[in-house]
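Peer 1: The lines below spell out each chain.
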Amino acid sequence: GAVVSQHPSWVICKSGTSVKIECRSLDFQATTMFWYRQFPKQSLMLMATSNEGSKATYEQGVEKDKFLINHASLTLSTLTVTSAHPEDSSFYICSARDRAAGGFYEQYFGPGTRLTVT
Amino acid sequence: AQSVAQPEDQVNVAEGNPLTVKCTYSVSGNPYLFWYVQYPNRGLQFLLKYITGDNLVKGSYGFEAEFNKSQTSFHLKKPSALVSDSALYFCAADYKLSFGAGTTVTVRA
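Residue numbers (my numbering), protein chains in the order written: chain A, 1 to 118; chain B, 1 to 109.
What the hints contain is simulated information worked out from the structure, not anything from laboratory work. All figures in this text were calculated on a predicted structure; none of them were measured in a lab. A few of these clues could be false.
[Said to hold, decoys possible] Straight-line Cα separation of at most 25 Å, DSS-like style, residue types lysine-lysine; simulated pairs:
| no. | chain 1 | residue 1 | chain 2 | residue 2 |
| --- | --- | --- | --- | --- |
| 1 | A | K66 | A | K55 |
| 2 | A | K41 | B | K96 |
| 3 | B | K77 | B | K58 |
| 4 | B | K69 | B | K96 |
| 5 | A | K20 | A | K55 |
| 6 | B | K22 | A | K41 |
| 7 | B | K22 | B | K77 |
| 8 | A | K66 | A | K20 |
| 9 | B | K58 | B | K96 |
| 10 | B | K96 | B | K49 |
| 11 | A | K55 | A | K14 |
| 12 | B | K49 | B | K22 |
| 13 | A | K66 | B | K69 |
| 14 | B | K22 | B | K96 |
| 15 | A | K55 | B | K96 |
| 16 | A | K41 | B | K49 |
| 17 | A | K64 | B | K96 |
| 18 | B | K96 | A | K20 |
| 19 | B | K22 | B | K58 |
| 20 | B | K96 | B | K77 |
| 21 | B | K58 | B | K69 |
| 22 | A | K66 | A | K14 |
| 23 | B | K77 | A | K41 |
| 24 | B | K49 | B | K69 |
[To be verified] Simulated restraints, written as ranges between beta carbons of each label pair:
| no. | chain 1 | residue 1 | chain 2 | residue 2 | range |
| --- | --- | --- | --- | --- | --- |
| 25 | A | E63 | B | S28 | 24 to 30 Å |
| 26 | B | S84 | A | S15 | 35 to 41 Å |
| 27 | B | L82 | A | R114 | 41 to 47 Å |
| 28 | A | S73 | B | T52 | 28 to 34 Å |
For glycine and all other residues, C-beta sits at the position ideal for the given N, C-alpha and C.
Let the hints inform the model, and build the full structure from the sequences given.
Peer 2: Written out as structure tokens, the structure reads:
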């Protein structure tokens with residue numbers, strides 16, 4: 001089946017530094033990838049929709065200058081948390097739609113990245 | 001726009017008993033509905049979806065869900081729960097997946 005990977009699986013960084021998280025579709029091409037944020041014991045909150053070769057579309061309330069998203073190829077999207085602060089600590093999950101399958105209805109999720117900002 | 005609600009934060013059942021996780025939806029137009037499961041510190045795993053067609057949808061790991069238009073519900077069911085089914089379950093709707101708050105299922109041996 002379709003596999004989505006994320007790297008790193010966990011990261012600890014100091015306040016004020018930037019962190020990049022990669023999301024890859026391993027065995028399919030994804031024209032659209034999504035980035036979610038999840039707080040402990042809470043639901044997933046959609047942050048942005050990333051389309052290959054174009055600018056990401058951010059959800060209301062998400063700072064696009066803080067959460068930089070790049071979707072440079074059909075298999076890779078990156079999320080960079082710039083000037084991270086402790087309140088950015090969270091579980092970040094990406095998902096991707098399979099282009100070949102029409103990909104409209106089903107998303108494949110990555111395993112998530114745990115970010116801790118100290 | 002579509003949204004979903006999961007009225008129960010937690011569901012506790014004994015192994016071997018039926019399991020039901022509730023979900024109701026609010027839609028404008030045809031609903032696209034999904035169920036996902038999440039294990040601790042893991043991403044989400046797809047269980048099943050309803051787009052069109054039969055109201056009873058069968059999915060992974062023995063789960064099924066029934067789409068009920070009159071009650072605007074899409075409850076997840078499993079006839080005989082296993083301890084390994086203990087996890088966090090999310091109902092979701094729409095193209096961009098609006099997620100419900102999640103329901104923690106605990107199956108006791």
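Peer 1: All the hints need checking, so say for each whether the structure fits it.
Peer 2: Cross-check of the supplied hints:
1. The straight-line distance between the Cα atoms of A/K66 and A/K55 is roughly 15 Å, inside the 25 Å bound, and the hint therefore holds.
2. The hinted pair formed by A/K41 and B/K96 meets the criterion: a straight-line CA distance of about 21 Å does not exceed 25 Å.
3. For the hint linking B/K77 to B/K58, the alpha-carbon distance of about 10 Å falls within 25 Å, and the restraint holds.
4. Simply put, B/K69 and B/K96 have alpha-carbon atoms about 21 Å apart, close enough for the 25 Å limit, and the pair holds.
5. With a CA separation close to 17 Å, the supplied pair A/K20 and A/K55 stays within the 25 Å bound.
6. A threshold of 25 Å between alpha carbons decides the hint, and for B/K22 with A/K41 the separation of about 18 Å falls inside it, so the pair holds.
7. Only pairs whose Cα atoms come within 25 Å are accepted, and B/K22 paired with B/K77 is accepted, the gap being roughly 9 Å.
8. As the CA atoms of A/K66 and A/K20 are separated by approximately 12 Å, the hinted pair is consistent with the 25 Å bound.
9. For a cut-off of 25 Å, the pair hint linking B/K58 to B/K96 stands: about 22 Å separates their Cα positions.
10. The hinted pair formed by B/K96 and B/K49 meets the criterion: a straight-line CA distance of about 14 Å does not exceed 25 Å.
11. For the given pair, A/K55 sits about 28 Å from A/K14 by alpha-carbon distance, which is inconsistent with the 25 Å threshold.
12. Taken as a hint, the B/K49 and B/K22 pair is honoured in the structure, with Cα atoms around 15 Å apart against an allowance of 25 Å.
13. With a CA separation close to 41 Å, the supplied pair A/K66 and B/K69 exceeds the 25 Å bound.
14. Distance check on the hinted pair: B/K22 and B/K96 sit about 21 Å apart at the alpha-carbon level, within 25 Å; holds.
15. For the given pair, A/K55 sits about 17 Å from B/K96 by alpha-carbon distance, which is consistent with the 25 Å threshold.
16. For the proposed pair A/K41 and B/K49, the alpha carbon gap of about 23 Å is at most 25 Å, so the pair holds.
17. With a CA separation close to 18 Å, the supplied pair A/K64 and B/K96 stays within the 25 Å bound.
18. In summary, the hint linking B/K96 to A/K20 is supported, as the alpha carbons are separated by about 23 Å, within the 25 Å threshold.
19. Simply put, B/K22 and B/K58 have alpha-carbon atoms about 16 Å apart, close enough for the 25 Å limit, and the pair holds.
20. With a CA separation close to 24 Å, the supplied pair B/K96 and B/K77 stays within the 25 Å bound.
21. This hinted pair checks out: B/K58 and B/K69 have alpha carbons roughly 17 Å apart, not beyond 25 Å.
22. Between A/K66 and A/K14 the CA atoms are separated by roughly 16 Å; this keeps the pair inside 25 Å, and the hint holds.
23. A C-alpha spacing of about 22 Å is found between B/K77 and A/K41, which places the hinted pair at or below 25 Å, so the restraint holds.
24. As the CA atoms of B/K49 and B/K69 are separated by approximately 15 Å, the hinted pair is consistent with the 25 Å bound.
25. Taken as a hint, the range 24 to 30 Å holds for the pair A/E63 and B/S28, whose Cβ atoms sit roughly 29 Å apart.
26. The supplied range of 35 to 41 Å is met by B/S84 and A/S15, whose beta-carbon atoms lie about 39 Å from each other.
27. In this structure the supplied range 41 to 47 Å is violated for B/L82 paired with A/R114, their Cβ-Cβ distance being about 27 Å.
28. As the Cβ distance of A/S73 to B/T52 is approximately 33 Å, the hint placing it in 28 to 34 Å holds.
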